[in-house]
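Following the hints, put chain Y in place on chain C, whose structure we already have.
There are 2 protein chains.
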Amino acid sequence: MSEIESQARQSADRVIVVSSDCHAGLPIAHYKPYVESKYHEILDMAVPITIEMLQKAESSFLIKEINDEWRAPIKQQLTGAWDYQERIKMLAGDGIAAEVIFPDGITEMNTPPFGAGLGLSSRDMDPELQWAGAMAHNRWLAQFCSNNPVRHIGVASIPLLWDVDKAIEAVRWCVDNGLSSVMIPTMWGEHDAYHHTKYHPFWEVCEDLGVVIHFHSGPAPHPEYFGKNFPVEDKSDELPGAMGMYVSEVMWWLYRPLTFMIWGGVFEQFPRLKVVLTEGGTVFMLPPWLRLLDHNYTDVQFSAKLGDFRSHLSMSPSEYFARNINIGASCIPRRDIELRNLIGVDKMMWGSDYPHPEGTWPNTRSYFSEVFSGMPEADGRKILGENAVDWYGLDRAALQGIADEIGPDPSLFD
Amino acid sequence: MSEIESQARQSADRVIVVSSDCHAGLPIAHYKPYVESKYHEILDMAVPITIEMLQKAESSFLIKEINDEWRAPIKQQLTGAWDYQERIKMLAGDGIAAEVIFPDGITEMNTPPFGAGLGLSSRDMDPELQWAGAMAHNRWLAQFCSNNPVRHIGVASIPLLWDVDKAIEAVRWCVDNGLSSVMIPTMWGEHDAYHHTKYHPFWEVCEDLGVVIHFHSGPAPHPEYFGKNFPVEDKSDELPGAMGMYVSEVMWWLYRPLTFMIWGGVFEQFPRLKVVLTEGGTVFMLPPWLRLLDHNYTDVQFSAKLGDFRSHLSMSPSEYFARNINIGASCIPRRDIELRNLIGVDKMMWGSDYPHPEGTWPNTRSYFSEVFSGMPEADGRKILGENAVDWYGLDRAALQGIADEIGPDPSLFD
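Residue numbers (my numbering), protein chains in the order written: chain C, 1 to 414; chain Y, 1 to 414.
Just so you know, not all the hints are guaranteed correct.
What the hints assert, rightly or not - List time: in silico DSSO-like cross-link candidates among lysine-lysine, alpha-carbon distance up to 30 Å:
{"no.": "1", "chain 1": "C", "residue 1": "Lys228", "chain 2": "Y", "residue 2": "Lys198"}
{"no.": "2", "chain 1": "Y", "residue 1": "Lys75", "chain 2": "C", "residue 2": "Lys228"}
{"no.": "3", "chain 1": "Y", "residue 1": "Lys32", "chain 2": "Y", "residue 2": "Lys75"}
Claimed, not checked - Here are some, though not all, of the chain Y residues that point toward chain C, as calculated from beta-carbon distances under 7 Å:
{"no.": "4", "residue": "His195"}
{"no.": "5", "residue": "His196"}
{"no.": "6", "residue": "Tyr199"}
{"no.": "7", "residue": "Met243"}
{"no.": "8", "residue": "Gly307"}
Rather than coming from a laboratory, the hints here were simulated on the basis of the structure.
Just so you know, even glycine gets a beta-carbon here, dropped at the ideal spot from N, CA and C.
Pulled out of the complex, with its shape left as it was, chain C reads as follows:
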């Protein structure tokens, strides 16, 4: 094809949409067949407690009434969080050719057992059980994605903090079973942070096997905001303004592992390692974070007495960011799209956040028109799918075939 033909072709093709932020998982009790039998008894005990905790969390951390109202008319479609046939319908409805799948959260009560879901961290959990829960989810997820590996990029849950060797073994199992994306804890609590050299063998195996590491927004020190008895029965027992603190800090907690990995030289030593930060917004956190890191890398005037903390890095923090890190921008608003050159148009990967109520589903197609109309088609295609195709190394030809059936028409950019 000549260049002109290629441009004409691209412009006529339907848009390949990749959601970099979807969620799936079983209702907790249904994980039983995927949990090793030696943990069945404790799982049976954990199920009602977990459900109670999730309900409590929904009525304190979230607003149950709003969720209930939102859920009522779409009850059947929400089973796409675990039912494959519903899932396919949801993707077709939204025009999504491929999706990156994280574990689920509170809304659908379908979290992996033993705290191995989105809130994965070091707190209040028995290491052995968290591993058991994570691997149960990973087994189910591998099976779910095997329905069509071209379309479903499952993000396995890896409780890295407890045991690096076990994490390496788990990553190998994941890759052997078709999962080459993983999520590790955003907060390390009393464990060593991610600049510790003990994690090097883990980064090494991820780099070698082309495994993409993910951090998903959500974890934060909730008891500091909401009070030590969080989650409380009654929202009125919360400390005042707690949610304001949470939404003002949660992005910082998401970016924090990268602050440690960049300064710790992780990307210097593992130059092909890939990391994605998901649902942490774009304009609020990313530009000032990069500016500050780069400033500390280049400015020596005021910090001479602090010694050398730069010479082990051959590149600036923003250069590591450009090479090693990508942004799962989720339901990016028009305001952020218009500032895309501040972020880097190659660094924003849209996501629907299905099945969460703050996501674009089930109004994704009208969201596309509202947010993307009038922008250059090349930029729009990048943000909606091409960036993710490149970053995850997806099968573009196969996805074009799917997009040609269900994808949005490029006229959405008119």
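Positioned in the frame of chain C, the structure of chain Y alone reads:
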């Protein structure tokens, strides 16, 4: 005076310089006469341990060689950290009419006993002893400042976290003894954060007595960056890049109490309460922090499911900032001065950071010329002193008298 005469007068007057960030304190052993006698025995034991820890901290956290080289030619002048006659000479040399005085840090080994200095926080310290150390420093500081209360604004150390009643009693003692500025811990560890209503009586007494609350940059979770054995004997035992993480996060930890106080409604309920953030820079942290808080106050599109966390606040976060918070901008570089309209020219209070090596002393006068030349005189006068005069309610006439003898000539703005 007519307005024209007043302008001519102002332009001819020497500049009133107020340093919003100076440090003073005794070498630890010398605090003994200020410590209650029942703690003398344990102080005798603590002195050599503290000195060893400070030396260890200097050789790991800081670069001892650089500090040594810096100290060598100015050994005598550095005793101004506790010697009043040297202090007066230092202020005259720098052209400083008045100063805000924090406890000292590592450089001069003159920290209050029992962890009651700049690193004041909840960690690894016996509450009773920390109170004993804080009150010892406060007694000495009150005496030191009484040499000339017009010029010396001492910041008392108040370990608020342990005991709110005791903190209120201490604040009353401070005010009775001429100290109407206090410093409270930047980090609360396992204690309740500052949105907890248990602190309301403390805010109330500070508001009533016109006591200004300070947070000074420095505290951060060092063991996360440097390793659990921090401070280590040998800098090469540190985890890689630890200092990069520290300098990239320390401002966030400084601003964090304000995130909690604003959302918690502290400034809503105590509208005359005044807070100062000292040595946390200006352009890197402040504008994005305010932008994010205001966004979370106004944007409801994506957070409906999170409930109401705004209606208890009658103003936006940036409006509370404008009314209740000020910035001790310390050795502000020219770059930040040029962006003064981004910060608010009324919100920047310069400080020399004497006697710290990253400060402008003993080159303050040449720093003034380099950084302030060519800027409008009115803006320059605000940043160098008038903002602090207004905020702390200082005796302007008396300070003009002092400035007329030692202050810089307004030609520095030419």
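Open item on the list: Less than 7 Å between beta-carbons is the criterion; does tyrosine 199(Y) satisfy it with respect to chain C?
Closed with: Violated. Min distance 11 Å.
TODO: Please work out if lysine 32(Y) and lysine 75(Y) have their alpha carbons no farther apart than 30 Å.
DONE: 23 Å, holds
Open item on the list: Please verify whether lysine 75(Y) and lysine 228(C) have alpha carbons no more than 30 Å apart.
Closed with: 49 Å, violated
Open item on the list: Given a cut of 7 Å on the nearest C-beta pair, is the interface hint for methionine 243(Y) held or broken against chain C?
Closed with: 4 Å, holds
- [ ] Let me know if the C-beta of glycine 307(Y) comes in closer than 7 Å to any C-beta of chain C, holds or violated.
- [x] OK, holds: glycine 307(Y) within 7 Å of chain C, min 5 Å.
- [ ] Sort out whether lysine 198(Y) lies within 30 Å of lysine 228(C), counting only the CA atoms.
- [x] Holds, at about 14 Å.
- [ ] Using Cβ atoms only, decide whether histidine 196(Y) comes closer than 7 Å to chain C, and label the hint accordingly.
- [x] 6 Å, holds
Open item on the list: Min Cβ distance, histidine 195(Y) to chain C: is it shorter than 7 Å?
Closed with: Holds, about 5 Å.
Hints 2 and 6, counting from the list given before, are not met by this structure.
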